[in-house]
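Undergrad: Let the hints inform the model, and build the full structure from the sequences given.
In order, the protein sequence lines correspond to chains A and B.
Mapping the first sequence onto our numbering, position 88 (from 1) lands on 88, and the numbers just tick up by one.
Mapping the second sequence onto our numbering, position 7 (from 1) lands on 1007, and the numbers just tick up by one.
It is worth saying that the hints were derived from the structure and are not from the lab.
Quick reminder that beta carbons are idealized off the backbone N, C-alpha and C, glycines included.
Careful, some of the hints might be misleading.
Okay, the calculated beta carbon distance ranges per label pair [said to hold, decoys possible]:
| no. | chain 1 | residue 1 | chain 2 | residue 2 | range |
| --- | --- | --- | --- | --- | --- |
| 1 | B | Gln1175 | A | Asp127 | 23 to 33 Å |
| 2 | B | Asp1270 | A | Glu130 | 29 to 39 Å |
| 3 | B | Gly1074 | A | Lys94 | 34 to 44 Å |
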Amino acid sequence: MRKAIALLVVALSFMSISAFGQSDELVNTCALNIGNATYMKDFKVKLQQSSVKPPPSSKFSILMNKGTIYKLNTCNADGYPGKAVVELYDGTKKITANLQPDGTIKDAVGFFCQKSGVYKIQVYFKDGQEGAAVVILSFMQKK
Amino acid sequence: MKKLFIILTAFTIMLYGCGGDKKPQQDFGNILGDDQTQTDEVKPTEELPTEAQQVLQNISSSPVEMAALLQSSGVEFSEKYITEIQDVDRYNTDFKRALNLGILGADLGYLNMYKKTGPVMNNMQAIRKLSEELRVQQFFDFQTIKRLATNNENIDSLMYITLQSFNNMDTYLQQNGRSEVSALILCGTWVEGMYIATQVLKDSDVPDPDIVERIGDQREVVENLTTMLGYYKNSPQFQNLHKEFKTILDSYEGVTTTIEEGEPQTTEIDGIMVVIPNEISHTTVPEETLTSIINGVEKVRNNLISL
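TA: Laid out in structure tokens, this is it:
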């Protein structure tokens, strides 16, 4: 998967006529990190600096299916201080997040869905800093 | 070494030639899709109400997930499950085009998942035609797709680029006052995914329990789709489609879901920590209900392709 997408990214860089614009460069780069999973969707987030607590966030809904392993990979855009924190919710219950108890932020988190339904993805930037990021949702079928 | 230097220099020049000056801050206005504003003279006949847009956003899902389940369950590929592409010109309204673009999108996901690149080109030609007529062809790079489809080694890239094209198109439609087209594409995609899976069950001597449960779990989706279509009170076409989806929803009578409380766990897969939550759902689909769903989906799907 990585090799194939890497080739595609290079190919797309040279294309003069392309359905992809600059808009998807970070998505293409980030998709290199999904390993053996299958790309499903990407979420783009850009938020201004804020001193409000909790910091402003972007929320997305996604239908997830029982028996599927989902991965959330995060890539931050160059030139912005903010580091994206991604949280996955089932209703109001937080299932997982890339922000660790020690304050570090992981590039990817996984979720093995055991209950089909609509889940929420919430993205904000740590300490309310200005930031821009892409979150890639991918999946692997568990059998 | 010299050769490598020349290649790297040429690569750098080409990149700068194509991309212009490098900015210290990545152009995230573009990343967010601001550059995708296209001229579109055609105004939507009816804008989706806010409540329906919320539903639409809630149920967006991947057309390849169902195909992935079929493949991992050991189901063999069969071309008979996908739409026979004959004359897409007969889809002469945006309503028909959008529904059938969704259907073809689901078929494309199925073909890609099974690495059937041959039929992909026929499928893409039909998608090209419909997307041009719907004025969303700018999201499909048909040249690259054709190149990838002729090279089986790049099947992952093919899957990636086609899925991303559909996602970008969907985002554009929703952000540019054409949510009704997005809704119809979604309905088509969902029905076709369900059609393929239910036909697999119909042909099985012993239905795979995971596929049956996935079909049962789709009740929430069909509830949402039916609700969403119900927001269109003034369009006879939408009213008819709403009736069609209501028949599928009615066929779900008898499906039950229970939640089992367990212990949350974490495990490492592919180098990342994966959370396994403590709630496990169990969906039961009685045999007669399954037959009713299979028949209901088949009828609606066949109606949609013969519009």
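Undergrad: Honestly, which of those hints from before does the structure not fit?
TA: Of the numbered hints given earlier, the structure breaks none, since each of them holds.
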